[in-house]
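**Q** Note that the sequence shown covers residues 3 to 364 in the numbering used here.
Hints in this document: simulated from the structure, not taken from any laboratory.
The model shown is predicted, which means the values in this text are computed figures rather than measured ones.
A couple of the hints might just be wrong.
[To be verified] Derived CB-CB ranges, DEER-like:
1) D242 to I271: 56 to 62 angstroms
2) E323 to M356: 55 to 61 angstroms
3) E31 to E246: 38 to 44 angstroms
4) K45 to E262: 51 to 57 angstroms
5) S227 to K255: 30 to 36 angstroms
6) Q27 to P252: 36 to 42 angstroms
7) E246 to L128: 50 to 56 angstroms
8) E246 to H86: 19 to 25 angstroms
[Stated by the list, open to error] Straight-line distance between alpha carbons at most 25 angstroms, and here's what the computed PhoX-like set of lysine-lysine pairs gives:
9) K351 to K338
10) K123 to K112
11) K273 to K304
12) K304 to K292
13) K261 to K273
14) K285 to K274
15) K304 to K338
16) K34 to K74
17) K274 to K261
18) K34 to K45
19) K325 to K304
20) K112 to K34
21) K338 to K348
22) K304 to K274
23) K123 to K34
24) K45 to K123
Ideal Cβ placement from N, Cα and C applies to all residues, glycine included.
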Amino acid sequence: MNWIFPQSKGSGSIPPLNSLQKQRQRQIESLKAAHSNLAEIQKDVEYRLPFTVNNSTITVNILLPPQFPQEKPVVSVFPPVGHHLIDSNNGTMVTSPLITNFGMHSDLGKVIQSLLDEFWKSPPALMSGSTFPYMYKPSGMPPYPTQGFHFVPAFPPQDGQRPIGPAPVPHAGVEPQQAPPRPAAPAFGLITDLPLPVPTADSQYGLNGHIYKMPEIPDTFPELSEMSVSQLKDMSDQDDVLLEFFMCLPQLKQVTSDKEELVNNIVEIAKKNLQLEPQLEGKRQEMLCKSCSLSALQARLKVAAHQAEEESEETAENFLEGKTEIDEFLTSFMEKRTLCHCRRAKEEKLQQCMTVPYHTLD
Numbered sequence: 003m004n005w006i007f008p009q010s011k012g013s014g015s016i017p018p019l020n021s022l023q024k025q026r027q028r029q030i031e032s033l034k035a036a037h038s039n040l041a042e043i044q045k046d047v048e049y050r051l052p053f054t055v056n057n058s059t060i061t062v063n064i065l066l067p068p069q070f071p072q073e074k075p076v077v078s079v080f081p082p083v084g085h086h087l088i089d090s091n092n093g094t095m096v097t098s099p100l101i102t103n104f105g106m107h108s109d110l111g112k113v114i115q116s117l118l119d120e121f122w123k124s125p126p127a128l129m130s131g132s133t134f135p136y137m138y139k140p141s142g143m144p145p146y147p148t149q150g151f152h153f154v155p156a157f158p159p160q161d162g163q164r165p166i167g168p169a170p171v172p173h174a175g176v177e178p179q180q181a182p183p184r185p186a187a188p189a190f191g192l193i194t195d196l197p198l199p200v201p202t203a204d205s206q207y208g209l210n211g212h213i214y215k216m217p218e219i220p221d222t223f224p225e226l227s228e229m230s231v232s233q234l235k236d237m238s239d240q241d242d243v244l245l246e247f248f249m250c251l252p253q254l255k256q257v258t259s260d261k262e263e264l265v266n267n268i269v270e271i272a273k274k275n276l277q278l279e280p281q282l283e284g285k286r287q288e289m290l291c292k293s294c295s296l297s298a299l300q301a302r303l304k305v306a307a308h309q310a311e312e313e314s315e316e317t318a319e320n321f322l323e324g325k326t327e328i329d330e331f332l333t334s335f336m337e338k339r340t341l342c343h344c345r346r347a348k349e350e351k352l353q354q355c356m357t358v359p360y361h362t363l364d
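Work out the full structure: start from the sequences and follow the hints.
**A** Right, dumping it as C-alpha cells:
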C-alpha cells in the first residue's frame, strides 16, 4: 500500500529539492510569469498556451521531460500549421533553434515569448485538411510521468482499462488494433484530448482583470449509466462518438455561449471606443495647442538659451583652471556659444511674430 501513501514513511522533515529540481521550478516560474494565460495540464510536466493570430487560435503545447532542464522541452502546436519554425512533415513539432539548442542557462519563459513574437511577425498558415478542431493528438510526444517531487503526490500507474460511469470501458488512450498507435492520455482523463485550456481554478483571471466563473463539472455523468455496453465501447473506440458526447454536455454549451456573449460585448465596447475617437482627437489637438503655443515655445527657447550660456561659461572656467586642453576647450566652447546665440535669435524672432497682430493666436 505504499503507492497510496507515498509520504507516510516517517515523521521526519520534508527532503529538500535537489539542484536539478530547483532549476526546473525556476524555469516553470519563469514560464508562468511571462504568460498569464498559461494552462497547467499536468503539474510540472505539461502546459498549454493559446494565442490568436489572423483570427485563428493556435495552441502551443509544452512538455517538460523528467530531466528538464538538462533535457530540452518538447514544444508543439495545434492545429497543424506551415511555418519555417515548424516541422514540415507533421506541421506540429517546433524546430526553432531556441528549442533545439535549449540548455541549462536558457530561460523557458523568454524562449516561448520569442517563439510567439516570431509567429506574430510571420503568421503561420493553417494546413488544409486538418481534422476536427477539438482533437489534439500530436505524434511523437509520449506522456511524461509525474515528477518525484515531495510536494507532488504520486499516483499508481493506470491500468489499461479505465471505467467510465458504472460500466467498464477501455481508456481513451487505448486505440483499436487497426488504428495507428497514439500516446496514452494523462491521468486527468479524456478531456485532456481537447486543446482547450484546462482550468486550474474555479475562477479564471484574464489579462485585463476579467473574472470568468467556470461551470461546475459533475463527478459522474448519469447519461453514461443509460448506455449499453456496446454504446460505451463505441464511444471508447470511436473518437467522433466521444466528441459528439462531449459537445452535447451542458457545461460545454454554457462555455460556448459565454464565449459568444463575451465576443459580442467586446465588439460593442470597440464600437463605443470608435465613437469616442473624434472627442479624443479634439482633446489631443487642444493639448497640443496649449503646449505648442507661441508663448510656451518662447519660454522654452529662453530657458534653453540660458542653459547653453551657463554650460559655455562653465567650460570657460574649467579651461582657466587648467582642467581641459585648449583643443577640447575651443571645440566645446564654440559649440555651446553657437547654440546659445541660435536659441536667442530664435527667441527674438518669435517675439517679433507675437507682437505682429497677424501672427497672434487669438
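**Q** Now look at each hint and say whether the structure bears it out.
**A** Taking the hints in turn, this is what the structure says about them:
1. Taken as a hint, the range 56 to 62 angstroms is violated for the pair D242 and I271, whose Cβ atoms sit roughly 38 angstroms apart.
2. The hint said 55 to 61 angstroms for the Cβ distance between E323 and M356, and at roughly 41 angstroms that hint is violated.
3. For the pair E31 and E246, the supplied restraint of 38 to 44 angstroms holds, since their beta-carbon distance comes to about 40 angstroms.
4. Judged by the Cβ atoms, the range 51 to 57 angstroms given for K45 and E262 is violated: they are separated by roughly 32 angstroms.
5. One distance hint, 30 to 36 angstroms for the beta-carbon pair S227 and K255, is violated here, with the actual separation near 21 angstroms.
6. Distance hint check for Q27 and P252: the Cβ-Cβ separation is about 38 angstroms, which falls inside the suggested range of 36 to 42 angstroms.
7. Taking the beta carbon of each, E246 and L128 are about 23 angstroms apart, not inside 50 to 56 angstroms as hinted.
8. Between E246 and H86 the beta carbon distance is about 37 angstroms. The supplied range of 19 to 25 angstroms is therefore violated.
9. Restraint check for K351 and K338: satisfied, since their Cα atoms lie roughly 20 angstroms apart, inside the 25 angstroms limit.
10. Restraint check: the Cα-Cα separation between K123 and K112 comes to about 16 angstroms, which is no more than 25 angstroms; the hinted pair holds.
11. At most 25 angstroms may separate the alpha-carbon atoms for a hinted pair to count; K273 and K304 exceed this at roughly 45 angstroms.
12. Taking the CA atoms of K304 and K292, the gap is about 18 angstroms. The hint holds against a cut of 25 angstroms.
13. Taking the CA atoms of K261 and K273, the gap is near 18 angstroms; set against the 25 angstroms cutoff, the hint holds.
14. For the suggested pair K285 and K274, the alpha carbons sit about 17 angstroms apart, so the restraint of at most 25 angstroms is met.
15. At most 25 angstroms may separate the alpha-carbon atoms for a hinted pair to count; K304 and K338 meet this at roughly 15 angstroms.
16. For the given pair, K34 sits about 18 angstroms from K74 by alpha-carbon distance, which is consistent with the 25 angstroms threshold.
17. This hinted pair checks out: K274 and K261 have alpha carbons roughly 20 angstroms apart, not beyond 25 angstroms.
18. Between K34 and K45 the CA atoms are separated by roughly 12 angstroms; this keeps the pair inside 25 angstroms, and the hint holds.
19. Of the pairs offered as hints, the one joining K325 and K304 is violated, with about 29 angstroms between alpha carbons and a cut-off of 25 angstroms exceeded.
20. Among the hinted pairs, K112 with K34 is consistent with the structure: their alpha-carbon atoms are about 11 angstroms apart, no more than 25 angstroms.
21. With a CA separation close to 15 angstroms, the supplied pair K338 and K348 stays within the 25 angstroms bound.
22. Of the pairs offered as hints, the one joining K304 and K274 is violated, with about 44 angstroms between alpha carbons and a cut-off of 25 angstroms exceeded.
23. Note on K123 and K34: the hinted pairing holds, with a Cα-Cα distance of about 23 angstroms set against a maximum of 25 angstroms.
24. A threshold of 25 angstroms between alpha carbons decides the hint, and for K45 with K123 the separation of about 31 angstroms lies outside it, so the pair is violated.
Violation of the numbered hints given earlier is confined to hints 1, 2, 4, 5, 7, 8, 11, 19, 22 and 24; the remaining hints are satisfied by the structure.
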